[in-house]
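Asks: Each chain, written out:
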Amino acid sequence: MAAGSPDVGDDLASVRDELRAVARDLLRKTPPATPADWALFASAGWLGLEVPAFLDGADATFAEVAVIAQELGRAAAAGPYLGAIVLGVGALRELPPCAGRDTLLRQAANGDALGVAVLAEGSADGAVGAGPAGERGRTETAAPFRLERAADGWRLHGHAAFVPDAARATRLLVLAREGADGEPVIVDIDPRASGLRVAPQPVLDETRSFALVTADGAEVAEGSVWRFAADPRAAAARLLDRAAVAVACDSLGLAEAMLDATVAYARVREQFGRPIGSFQAVKHACADMLVAVAVSRELVSAAVAALASGAPDAGVAASMAKAYACGAALDVAGKAMQLHGGIGYTWESGIHVYLKRAALNRALFGSPAAHRQRLAARYR
Amino acid sequence: MTSAGVDTDEFRAAVRSWCRSSVPADWRSAQAGVPEAEYVAFQKWWFAELRSAGYAVPHWPARWGGGMSLAEQVVLYSELAAHDAPRLVLAFVAIHHAAATLLAAGTDEQRARHLPAILQGEIWVQGFSEPEAGSDLASLRTTAVRDGDRYIVNGQKLWASGATHADWCLLLARTSPDAPKRRGISYFLLDMRSPGLDVRPIKNAVGESHFCEIFLQDVAIPAGCLVGEENAGWQVAQATLGAERGLTMLELAERLGNAGFRWLVASCARLGVLGSPLVADRLAEFETEIAGLRALCRGLVERHEAGRAGPAEASMVKLYYSELLQRLMDFGTQIEGLPGMEVLRKPASSGWESGAWMLDFIGSWEWTIPGGTSEIQRTIIAERGLGLPREPA
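So the protein sequences, as listed, match chains A and B.
Numbered per my numbering, the first sequence finishes at 380, counting up by one with no gaps.
Numbered per my numbering, the second sequence finishes at 393, counting up by one with no gaps.
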């Protein structure tokens, strides 16, 4: 993989730096929680980063997608990037080429359709990728839908709550098992199909959209059951790791934003005749925020690089990044609210937007405790 | 990481094989409660062993006997820790602080005199702090008055670790009493055999007498032992030691990962608590934070070598390392419970990673206080790293 090779490492790093600078600039102009300008995202090339060039994509890697995920967190931006691009395109890339898959990839890159992946319940602690060995139950939890044979094709059963961006999806890519304990597959299904319900689940974090997806014998055509290109359980685990790391990127970005805002405020806000940032109590809190952000950045970088290069221990790096960065971001956003004082607690300041998003991120695709449990299984 | 994986794999195999044949299996039991002289002899012997393998000063430039890439250093330190090699406690200041100062600010003559000598085992001590100059180091009062081709030094230094065994001392003294306090300090190399020196050990909280007071009465230092310009000592100390604060952490972080954490898991297994969800959660948290620390250290060294390290990065690493270490030792002490209190002595040469959690926990304040307390580090991070306003004087 290109991302892991030292020869091109510097070139790729500068491409990512440029991508980051452009994204930060464009997203700065959008106030948090306003609907994403999907056409703008498409024309900037952010939707097709991982799509092959012959399908109108950029042939880039997860490392570039991670840059956008982080900047979206920094801007607390709304929009279906997580569901449709990180997970939807991510799921399609695990499949062997076929006409249906290629059409969806091309539409995703151009912003013409939203193919959202339906993995496990985003809030469930079971939504943690399967480890290298000996972790029973995780993949099964990750595929909460099951396919059953019918005379004229398949029927889909099951449900998943808190599915990111499912409410606006034009296609759903459902992770399902064949029968009670078959191998995971991806089911391509129209959200309006009979027997399928997509019920929005409003949450306190207004920058995010979730839905409960329920399948009660929904009809699935023979050609809409897509098998993974390689080991299906490993592919399903990789998808969950992608989800976890993308959320960690988001938390890293929002923590950076909260640190920047707090430092800027502490420099100018005066009490007792001097900037509050000159008081040690404030200064030391800011120093702790910076250290937490720096450690998060290292763990997130390591996880992104491991996933992008297909490293065998990517799951470990993913769980470390998710557990630490999402916990730290909530601490940082909480300190930001505290250090902004009364103003920080107002609706208008917008800090609550970040605090809510940080709390949601911490619970999404595996709590820190669930990820640490996965790490700890290796000690025995 | 820049080095190709294959080279590193070969190097790792070489270090492993060396460790297997060179690290004495029983050194911990042999070093438990030994007299001071035996500890010093053991440290010097181990340093010589590392030197003959080419492993004593990997971070130095090649022409002085180092020249290892960052990737190789990481491999070396992680393997030494994984094979439970003794730490270079006595040579620490010599190979890190003294060498960095000489390389950055010393004259050719000073380098030629001392760098090969350090490689032959010359021991150094740092003479910075004073009774009235701790966190406010720049207020130090020890004076050095020019007298022809020498300086005459009077004063008192404190917390000088290993001073009883040192051959040379990195000394900060005031040469211009009327200048603003940071502009009147000079940096000297002091021969510890000079007449007028009196070294007295101080017993620390663990019960060891590693750090010392140094009394200086009319001690003569040749003018050739001045490092940098007269009255520019503060800048020399800041320039070399700030970065050094981070670079020494590379080895310590690898040791925390390859020895400290491994031992913690082993202790939990031995005590039968590995299955407890609470214990498992804490262990995973430590493993995660150590991974973050190691990456932070490597990043710092990489950026430092490229001349791009931020002004507060070393302080961030020092702060995070020392507080993480303290939390880890605290947890080990909790896990061990009352039986851990029965361990009264730990092996010499082991630093914090003796496996005696209670003693190591008490000893962990040796990392959060010296070299700039955690409070001072936070102030540096906020002011230099984040640009927050200085406290009004």
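Everything labelled a hint here was simulated from the structure, so no lab data went into it.
Just so you know, these numbers come straight off a predicted model, no measurement behind them.
All C-beta atoms in this analysis are idealised placements derived from N, C-alpha and C, irrespective of residue type, glycine included.
Hints should not be assumed to be uniformly reliable.
Unchecked claim - Selected chain A positions facing chain B (in silico; Cβ < 7 Å):
| # | residue |
| --- | --- |
| 1 | Arg20 |
| 2 | Ala261 |
| 3 | Val263 |
| 4 | Ala264 |
| 5 | Pro275 |
| 6 | His284 |
| 7 | Val291 |
| 8 | Ala294 |
| 9 | Ala302 |
| 10 | Ala305 |
| 11 | Leu375 |
| 12 | Arg380 |
Asks: Each hint: holds or not?
Replies: Do the hints match the structure? See the list:
1. Arg20: violated, 17 Å
2. Ala261: violated, 12 Å
3. Val263: Holds. Min distance 5 Å.
4. Ala264: violated, 10 Å
5. Pro275: Because about 5 Å separates A:Pro275 from the closest Cβ in chain B, which is inside the 7 Å limit, the hint holds.
6. His284: With Cβ-Cβ at 4 Å, under 7 Å, it holds.
7. Val291: Interface hint status for A:Val291: holds (5 Å vs cutoff 7 Å).
8. Ala294: With a closest approach of 6 Å, the A:Ala294 hint holds.
9. Ala302: With a closest approach of 6 Å, the A:Ala302 hint holds.
10. Ala305: Violated - the Cβ of A:Ala305 stays beyond 7 Å from chain B, reaching only about 10 Å at its closest.
11. Leu375: Where the cut-off is 7 Å and the nearest Cβ of chain B is about 4 Å from A:Leu375, the hint holds.
12. Arg380: holds, 6 Å
The structure does not agree with the numbered hints 1, 2, 4 and 10 stated previously, though it agrees with the rest.
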